[in-house]
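> So the chains spell out like this:
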Amino acid sequence: MIWVVAVVLVVVLIGAFLVLRRRPHQEPGVVKFRRHIDALSSESRREVMDRVRPTEKRPDNGPGRDEPGRDELGR
Amino acid sequence: MARDLAIDLGTANTLVYMKGKGIVLNEPSVIALNRQTGEVLATGREAWQMIGRTPGYIVAVRPLRGVAITDLEITERMIRLLLQRVGVSRFTRPKVVICVPSAITEVERRAVTDAARRAGAADAQLIEQPMAAAIGADLPIDEPVGNMVIDIGGGTSETAVISLGGVVALEAVRVGSFDIDAAIQAYVRREHGIAIGERTAEEVKMAIGSAAPTEDESQAEVRGRDLMTGLPKTVVLTPEEIRFAIEDVVSSIIASVVRCLAKAPPELAQDFLVRGMYLVGGGGLLHGLATRIEQETQVPVKMSNMPLEAVVLGAGHCIEHYDALKNMFMGARR
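Chains H and X, in that order, give the protein sequences.
Numbering follows the numbering used here, in which position 7 of the first sequence is assigned residue number 3; successive positions increment by one, without gaps.
Numbering follows the numbering used here, in which position 43 of the second sequence is assigned residue number 44; successive positions increment by one, without gaps.
No farther apart than 27 Å at their CA atoms in a straight line, the calculated lysine-lysine pairs in the DSSO-like style are these: (1) H:28 x X:20; (2) X:327 x X:20; (3) X:327 x H:28; (4) X:96 x H:28; (5) X:96 x X:20.
Read the hints as simulated data drawn from the structure, not as lab findings.
Model the full assembly from the supplied sequences, consistent with the hints where possible.
In structure tokens, the structure reads:
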């Protein structure tokens, strides 16, 4: 009898372990929201903005003001 | 290993931002095809130069004209060529974020993502243009304040109120700077009896087109084909005439801005009076448009520093911070 209880207990424990492992890790809402907002901060965006500024100064690196792609009024 | 990409698939121009590098491609969304064989003959700037000047067997088209994906197969080929040009091969499959108008339908949305995946993207996500524009225009959208952005593109005009990283109010109309060109073409045809091409109409708009009277206005000589005789003819157009010709389109854009203002919660509405609204997109470069919107809404209007690049820069920022910002993608929120 004790063997049966032990086996059932082990099976239940393994089952619970597997279920918990399969469940995706849920980040708390506050943390997720904070990460989202931080990623949108001006500081975080500076890297992308800085990357594009040098190319603006070099006319040979992209279309000039009198060429399509830049000069067209439509995007 | 492929570098992930952000693509502003605009009606008029296509821009590509590569993760870690910046903007690597910026050219017109035009493709030239052989009508008989279906072969692609040219894309981008080269194809743009062919518009209205091709022999019968070649057709130069803007596949994204009028927002709608007018031809899925051509769109897919264009995306495939774009990806190839920025170094994507069958062995390097990048994640791609594509900016699309918020007015896009479910069918069009699926068409764009499917086209991108078939063209070689490992994963394709969509982001609404006004949201990307607000990020790219460096507005403080991470703060609990009302940020208003007006994105006037080739085929759509979208106005959005953004606060705390999310869209609060949105208004979009399927009217853009191509409609301004079409209005000029129609006016010249009707009033002067001459036919002018799409590119000529665009040149007229850029030279003397305005939404409100401006300083140092001048006239423009336009050459076209006389509808009666079939011979080449020159006419002189004035800025007043062009303002009259494009009035319906301009009014429709302003009406959508007013509707968006009306949708904004009162707490945020007061922020606009202090912070103003930001104009992005090529259509926003129309002379006098900012003044006209300001006059009709009584809200200050400012031009973004990089109006043509703002959308792709915003999407580029999302690709740089993909995991933190993935809930901004269109599929994630619905």
